[in-house]
Amino acid sequence: MEVFAESASAFFIVIGGVFLFTGSWGLAKLPDTMRRLHGPTKATTLGVGSLLIASILYFVLLHEAAGIHEVLITLFLFLTAPVSANMIAKAHIFRNQALRETLPADAGGSGWATLGVPAGSHQPRLSGSLTDE
Amino acid sequence: MIAAACSFTLIAISVSLVLNVYRLIAGPDAPDRILALDTMVINAIGLIVLAGIMFGTTMYFEAALLFAMVGFVSTVAFCKFLLRGNVIE
Numbered sequence: 001m002e003v004f005a006e007s008a009s010a011f012f013i014v015i016g017g018v019f020l021f022t023g024s025w026g027l028a029k030l031p032d033t034m035r036r037l038h039g040p041t042k043a044t045t046l047g048v049g050s051l052l053i054a055s056i057l058y059f060v061l062l063h064e065a066a067g068i069h070e071v072l073i074t075l076f077l078f079l080t081a082p083v084s085a086n087m088i089a090k091a092h093i094f095r096n097q098a099l100r101e102t103l104p105a106d107a108g109g110s111g112w113a114t115l116g117v118p119a120g121s122h123q124p125r126l127s128g129s130l131t132d133e
Numbered sequence: 001m002i003a004a005a006c007s008f009t010l011i012a013i014s015v016s017l018v019l020n021v022y023r024l025i026a027g028p029d030a031p032d033r034i035l036a037l038d039t040m041v042i043n044a045i046g047l048i049v050l051a052g053i054m055f056g057t058t059m060y061f062e063a064a065l066l067f068a069m070v071g072f073v074s075t076v077a078f079c080k081f082l083l084r085g086n087v088i089e
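Protein sequences appear in the order of chains A and B. This note's numbering puts the first residue of the first sequence at 1, with every later residue one more than the last. This note's numbering puts the first residue of the second sequence at 1, with every later residue one more than the last.
Keep in mind the hints are simulated off the structure, nothing from the lab. Heads up, some of the hints might be wrong.
Stretch-level coverage of chain B by chain A, calculated; a stretch enters the list once three of its residues show a Cβ under 8 Å from a Cβ in chain A [what the hints assert, rightly or not]:
id	stretch
1	18–28
2	36–49
3	56–69
For lysine to aspartate or glutamate, the following DMTMM-like pairs were computed, each having C-alpha atoms within a straight-line distance of at most 25 Å [stated by the list, open to error]:
id	chain 1	residue 1	chain 2	residue 2
4	A	K90	B	D32
5	B	K80	A	E2
6	A	K42	B	D32
7	A	K29	B	D29
8	A	K29	B	D32
9	A	K90	A	E101
10	A	K90	A	D32
11	A	K42	A	D32
12	A	K42	B	E89
13	A	K90	B	E89
14	B	K80	B	D29
15	B	K80	A	E101
16	A	K42	B	D29
17	B	K80	B	D32
18	A	K90	B	D29
Think of the CB as a built atom: it goes at the ideal place given N, C-alpha and C, for glycine as much as any other residue.
Using the sequences plus the hints, can you model the full thing?
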């Protein structure tokens with residue numbers, strides 16, 4: 001049992017390290033922002049997820065110290081990683097006029113919801129309400 | 001076996017942080033730099049969890065959780081600033 005727990009933990013630790021490294025390598029290597037988003041958002045959540053599985057196995061099987069913290073970190077990361085990736089993509093679209101002109105028309109006419117106003121008029125407003133995000 | 005795996009992952013995360021610093025400095029636009037910072041936070045969380053396994057203590061998980069929250073909020077705040085020119089409107 002102890003050998004199994006150690007092997008499983010070591011396996012997941014190595015997998016986590018490989019995924020974290022791959023994500024950062026993709027961030028450094030890929031040519032533009034939209035492609036660079038792929039590495040960190042997918043590989044690092046898998047990487048941290050593997051490390052947390054390793055941590056759960058290690059502490060539950062070898063130290064009898066089960067904790068809810070690993071599950072909390074996993075839940076939080078899996079909820080927030082898509083949101084931050086979406087925000088970065090929106091900021092990139094908003095700052096890049098040439099990219100914005102190549103996009104197909106969005107359904108609501110709000111310019112891909114980057115400003116809440118029709119595409120073409122990109123004046124930052126001083127006040128806004130939550131309803132037109 | 002766990003010690004060897006921890007050493008390997010420690011080196012992998014260290015190289016990842018160096019690559020992130022490269023992107024943070026070289027990134028041609030602001031969203032690239034925000035993305036590099038976000039990835040650095042993820043790598044730091046991995047490092048904290050790894051330290052917890054290496055030292056055999058569950059004490060570090062609160063730190064990792066707080067770090068995850070602060071990293072998420074700062075990323076969203078940076079992007080919000082780029083999008084709207086303001087963080088809290």
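> Which of the listed hints are broken here?
Replying inline: The structure breaks hints 5, 12; every other hint is satisfied.
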